[in-house]
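Participant: Residue numbers (my numbering), protein chains in the order written: chain A, 1 to 343; chain B, 1001 to 1343; chain C, 2001 to 2325; chain D, 3001 to 3325.
It cannot be assumed that every hint is accurate.
[What the hints assert, rightly or not] List time: in silico DSS-like cross-link candidates among lysine-lysine, alpha-carbon distance up to 27 Å: (1) K2039/C <-> K2180/C; (2) K39/A <-> K275/A; (3) K3039/D <-> K1267/B; (4) K3180/D <-> K3315/D; (5) K39/A <-> K280/A; (6) K267/A <-> K2039/C.
[As the list claims (entries may be wrong)] Listed below are several chain D residues computed to face chain C (Cβ distance under 8 Å; list not exhaustive): (7) G3107; (8) M3138; (9) H3296.
[Said to hold, decoys possible] Computed Cβ-Cβ distance ranges for the label pairs, DEER-style: (10) A2252/C <-> E3280/D: 14 to 24 Å; (11) G3074/D <-> A2178/C: 44 to 54 Å; (12) K1275/B <-> G216/A: 25 to 35 Å; (13) D3325/D <-> S1105/B: 32 to 42 Å; (14) A2178/C <-> R320/A: 25 to 35 Å; (15) D3314/D <-> R327/A: 42 to 52 Å; (16) A3178/D <-> R1309/B: 33 to 43 Å; (17) D3325/D <-> E2249/C: 19 to 29 Å.
Bear in mind the hints are in silico, worked out from the structure with no lab data behind them. On a predicted model such as this, the values are computed, not experimentally measured, just so you know. Don't be surprised by glycine CBs; every beta carbon is placed ideally from N, CA and C.
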Amino acid sequence: MDAILTNTTAALREPRAAIDRETRLTLYRRMVECRYLEKRAHDLFLQNLIKGTSHLGLGQEAVAAGFGVAMRPTDYTFCTYRGHNHTLVRGVSMTKILGELMGNSSGLMRGKGGSMHLTSVEHHMMGSYAIVGAHLTIAAGAAWSARYRGTDQVAVCFFGDGATNIGTFHEALNLAVVWKLPVVFVCENNRYMEYTAIHEVTAVEHPAADRASAYGLEPILIDGNDVDVVYTTALRALDAARRGGGPSLIEAETYRHGGHSRADPGKYRPEDEVKEWLAKDPIPRYRQRLLDLGIDEETLVSIEAEAQRKVDEATEEARRAPPSDERIAFENVWADGGAAWRN
Amino acid sequence: MDAILTNTTAALREPRAAIDRETRLTLYRRMVECRYLEKRAHDLFLQNLIKGTSHLGLGQEAVAAGFGVAMRPTDYTFCTYRGHNHTLVRGVSMTKILGELMGNSSGLMRGKGGSMHLTSVEHHMMGSYAIVGAHLTIAAGAAWSARYRGTDQVAVCFFGDGATNIGTFHEALNLAVVWKLPVVFVCENNRYMEYTAIHEVTAVEHPAADRASAYGLEPILIDGNDVDVVYTTALRALDAARRGGGPSLIEAETYRHGGHSRADPGKYRPEDEVKEWLAKDPIPRYRQRLLDLGIDEETLVSIEAEAQRKVDEATEEARRAPPSDERIAFENVWADGGAAWRN
Amino acid sequence: MAELTYREAVAAGIAQEMRRDPNVVLIGEDVARAGGVFKATVGLLDEFGPERVRDTPISEQAILGAAMGAAMTGLRPIAEIMFSDFFAVCWDIVANEIAKTRYMTDGQVTLPLVIRSGNGGGSRFGAQHSQSVENWAMAVPGLKVVAPAYPADVKGLLAAAVRDEDPVLFFEQKSLYATKGEVPDGEHVVPLGKANVLRRGDDVTIAALALMVPRAMQAAEILEKEHGIRATVVDVRSLVPLDTQTILEEVAHTGRLVTVEENPRLCGWGAEIASIVAEELFWDLDGPIVRITTPHVPLAAADNLEDAQIPSVDKIVARVRELVD
Amino acid sequence: MAELTYREAVAAGIAQEMRRDPNVVLIGEDVARAGGVFKATVGLLDEFGPERVRDTPISEQAILGAAMGAAMTGLRPIAEIMFSDFFAVCWDIVANEIAKTRYMTDGQVTLPLVIRSGNGGGSRFGAQHSQSVENWAMAVPGLKVVAPAYPADVKGLLAAAVRDEDPVLFFEQKSLYATKGEVPDGEHVVPLGKANVLRRGDDVTIAALALMVPRAMQAAEILEKEHGIRATVVDVRSLVPLDTQTILEEVAHTGRLVTVEENPRLCGWGAEIASIVAEELFWDLDGPIVRITTPHVPLAAADNLEDAQIPSVDKIVARVRELVD
Ligand SMILES: Cc1ncc(C[n+]2csc(CCOP(=O)(O)OP(=O)(O)O)c2C)c(N)n1
Ligand SMILES: Cc1ncc(C[n+]2csc(CCOP(=O)(O)OP(=O)(O)O)c2C)c(N)n1
Ligand SMILES: [Mg+2]
Ligand SMILES: [Mg+2]
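Just chain A, same shape as in the assembly (with noise of 0.2 Å):
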């Protein structure tokens, strides 16, 4: 408990002077840019212009932005069904995000795998994974492709606190060190699986840090909301393990601030709670600092006007595209673009 503590003071201080101000402002246009494009896709679903479920990830922003500006282009993504930010900030358009969750041509995979499945491999953005834990050990292979090709990429992956307790966790952690991979394992701990409380149902209290240890890993337990902390963090993490120093664990602490998925109010949650994490909302609190550290609001309003005008013509694009060819429905099972069984 007390190595975590410290890690996490040393994390939030020290670092964050380092951070220069062009980084500073792109942590917060990815973080606006995420906010907005899923406010939009909640507005879709309330047209029913968005079938199927969804994962938002508001509130959660921090951790996405904070990765994806810290990796390089080639460096991996592996994240779940509520994998939009973590999307996007790879650089994935917003259209094909949106076109994919509405289900048409304009899709990242033009409907097939719909909102849980976003993948981009061209931006190194491996794959969205609907059941929880699974990815861990895709990841892990990721890492171990990378290393035996002798690259430097380092893949990351992101699940939440539910993930912690499923066999892959173990599987894929212990493997990991084992091999010395360079993959970093982010639990965005966000309190709840879907309606239950993480803590009803895990014998520790920090179902990520402790558990490093299990592992002969350094416990890291973070603000998840601190872009800056996030940010600085996953620069660590990246270039530990791209130096060969193998995995790391990381549990950064976050709320999403509506429900779980697209059915789900969220009222399970205690009120106070609910008030407390939206006060400690990542963007607020960074556009604040960043005022506190002398920006000026001109060139936030900007990035604000600028992102919402992104995500206004990325709904335009999206909702204007055609319905995908059914044909596509019988394709590419196969790496010759079909689906035959039988000659």
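Dock chains B, C and D with the ligands against chain A, hints included.
Facilitator: Chains B, C and D with the ligands only, in chain A's frame:
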């Protein structure tokens, strides 16, 4: 680490004096019976009277005996394919064990399960499980049921070092702690999986003890070749579970004298290591301790002779038994005794 | 008779059995406080309390392992696997442990347990949350397998599953949860292993399961009204035990069999039935056995794509017409 | 031509591909230092070194997850799942991730990987170490599935599997490991998706797989010599893709089909083939389609019991005689 060592040392010293003479002789008797029975099983292999595979616990008898003697008759045993000893110490007849290994009508399951699946519900020996790790979750379930039904039964679950790296280990430990179940998890760390040393594929030095804190448990690392230590540790853990204190995770360090299974001569192990551990053989070691404590050799010799006689008798009985009727291969899929999947 | 939704019938069936037998318990992710992510267990925590209705961590192997350990020591657990796709993360406990333990122990261990799971497509959840995996279960000896189409059967078959001494996998079709139907008041039990002949005709027998049953019924009406083809529709309901007697009788009468399966083509339950009919009723057949299935591809998320994949009423009508004309 | 055992052919196939392509790597439990628990990977660590041939912890999900992550980023991994029964502990990675990712990503991700596994009975290992689970894989869209019977096919199909751009599950029958056969020297590749007609007759077509192939061949000889029944024997070899063309041609010629499956009855590959034949070749059939399978029960450990379960030469002979006489 310090906590672990302290613990070991405590377990090693203090409670030894408290064990009475009768119990000590029982512990010795159980170990000797296990040893002779499995040596016989080995001979029967060489004579090709046992087909298939089989996994001997030669060298690991102290764990089985220590627990077997400490458990109450209504406590549950769950163990692995390396389960002959654990079955015997619960009071199952040698004939039924050997008969099952030979796969004939005298066997515990008349040959339907084989050596890897010894089960005797009558003795609360709830099964030997051949898929690594699965039974940890099942033992937790039995413990849950015991508590729900208001009994004071405890489930004891034995598994190998290799099982600590599979997902079910993690899931079972977490659930058992969250639900505070009366279950004792016992890792028999014999340093090897099949042919690969555990330290080559594990992120921590002590595969079970170093993971205890990940579930908020105390790390307990004991000398698994000292039957007094095992016995007293078992008593303590069983008592804690019975009194509502929840689960324990115990790592007992031990060694198998032979290979992993029938086919394996165990040649991958350094000679020195084998020698060192043969010197720590729990049976001669305990025999010497008993002599030192003033027990006369005759008593021990008669225990040994009696065990040998029982093994000889059981061997004869099992050998004489006829093969099982082939019809039983098509029975007892369902509770109605049949196997019909259609009308 | 009361009109219940399919999801209400789940809760009604569980409640009926929990009232009857204090050893019936329910565990799963979000089943207690939240009443289930499909709201199929609403009210049970309130009625039966937290010892009998328990939320679990996301640990499907531990959920089913716990259910098995409890069943072998005197309880009658009902475990929920939220989406049937997640059987893949705990298949060992199902296929290797639960299915085989009674057999391997020569009958020493009895496992009266039920595993309920949301199964099937139509909800635009994409390839990993829409599968029909009842054939995974059917392929493993030692499991009973049930998949109801109507609320009354949900309640009645669930009750029978809980009372059964053997492990039963109970597949609830997710896009049927909101559908309604009459459900008998009071104690209601529908025996496992009985198919339900929903209508009779002379021209063709259509065997269907779960979501495909209402579609087959609609198709049969269109076939009769618009094309003069009179179809028998058999709701298979129970895959193990399988009511081959009813199916064989009905096919013997019409001389033709069409199966309608939601699962992807290869090794679906329809193949098994087709092979039984092709062996045992060959001389009574008037024509080829036809299987209508989702093609052998994963399911897409977008609505128009998913609709193009899962057998529709139109597809059933068209295919039956080809066969019979 | 050299005479190799089935297990030597595994190592030969892997070695051939590892020499050709430095991106081919091998992982699994005990595959490196120990050369595999079935001794099917002996010599590979020595030749290719510890970066390419790696022992893993007992973490099947991590093994296959690692293989998948590596395949999607440029490697061509071969992963071993020691016994195919253990697919149950990692089925999610196989059925939900590996099988569906290419499709869900609309072709962005390619997964050239092979999963080898010891499959099937006959070794007296009991119910959890003897299953034939090739139908589990066949039922999941997105997986190719191969199960060779002879050493030459082991080497050649394994090479083709490694070269294939799609995930291939490669089932090695454990009781065939010690059998011997001629294997072509030098580069040897047998294309996936081609059945092998091992002998031709006019009376009946027997389709078999893996361990059932030599048994079907022996049965065919007895049928011919002792009973004057001339059988075609088709070694199906590849379940996905399935060579329906060859099977349909052969059945059309003989008018009769018998499948011989080691798997328990329900939803086996034979059911799928039976349903295809019953639909597409109905008018050419001279009699019922017969499936010979292990009954729908778990496998027993004792030798006489297991032998009573798995289809034997005698059983094949008897059943074919019943059909043809
Ligand atoms: C193996 C598995 N079990 C259950 C689910 C259903 N499920 C989807 S998200 C979720 C909660 C996950 O919680 P957490 O890991 O904290 O991530 P968060 O949703 O909070 O980001 C559950 C139970 C699933 N997708 N996969
Ligand atoms: C899930 C699973 N993976 C692999 C195996 C094959 N296997 C059987 S025993 C064994 C080694 C187990 O080692 P350990 O847990 O240390 O137990 P020990 O045999 O040493 O008692 C392995 C890999 C298995 N039975 N189940
Ligand atoms: Mg969460
Ligand atoms: Mg071991």
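Participant: Confirm or reject each hint.
Facilitator: Now for the hints, and whether the structure bears them out:
1. This hinted pair checks out: K2039/C and K2180/C have alpha carbons roughly 15 Å apart, not beyond 27 Å.
2. Restraint check for K39/A and K275/A: the C-alpha separation of about 19 Å stays at or below 27 Å, so the hint holds.
3. For the suggested pair K3039/D and K1267/B, the alpha carbons sit about 14 Å apart, so the restraint of at most 27 Å is met.
4. Our distance criterion of 27 Å between C-alpha atoms is met by K3180/D and K3315/D, whose separation comes to about 24 Å.
5. Straight-line distance between C-alpha atoms of K39/A and K280/A comes to about 18 Å, which keeps the hinted pair within the 27 Å bound.
6. Taken as a hint, the K267/A and K2039/C pair is honoured in the structure, with Cα atoms around 15 Å apart against an allowance of 27 Å.
7. Proximity of G3107/D to chain C is violated relative to the hint, the smallest CB-CB distance being about 12 Å (cut-off 8 Å).
8. Taken as an interface hint, M3138/D checks out: its beta carbon lies about 5 Å from the nearest beta carbon of chain C, inside 8 Å.
9. At about 5 Å, the closest approach between the beta carbon of H3296/D and any beta carbon in chain C falls short of 8 Å, and the interface hint on this residue holds.
10. Between A2252/C and E3280/D the C-beta distance comes to about 22 Å, which sits within the given range of 14 to 24 Å.
11. Distance hint check for G3074/D and A2178/C: the Cβ-Cβ separation is about 46 Å, which falls inside the suggested range of 44 to 54 Å.
12. Roughly 30 Å separates the CB atoms of K1275/B and G216/A, a value that falls within the hinted 25 to 35 Å.
13. A C-beta distance of roughly 37 Å is found between D3325/D and S1105/B, which places it inside the suggested range of 32 to 42 Å.
14. Against the hinted window of 25 to 35 Å, the Cβ-Cβ separation of A2178/C and R320/A comes to about 32 Å, which satisfies the hint.
15. Distance hint check for D3314/D and R327/A: the Cβ-Cβ separation is about 51 Å, which falls inside the suggested range of 42 to 52 Å.
16. A beta carbon spacing of about 40 Å between A3178/D and R1309/B agrees with the range 33 to 43 Å that was offered as a hint.
17. Distance hint check for D3325/D and E2249/C: the Cβ-Cβ separation is about 28 Å, which falls inside the suggested range of 19 to 29 Å.
The structure fails to meet hint 7 from the earlier list, while all remaining hints are met.
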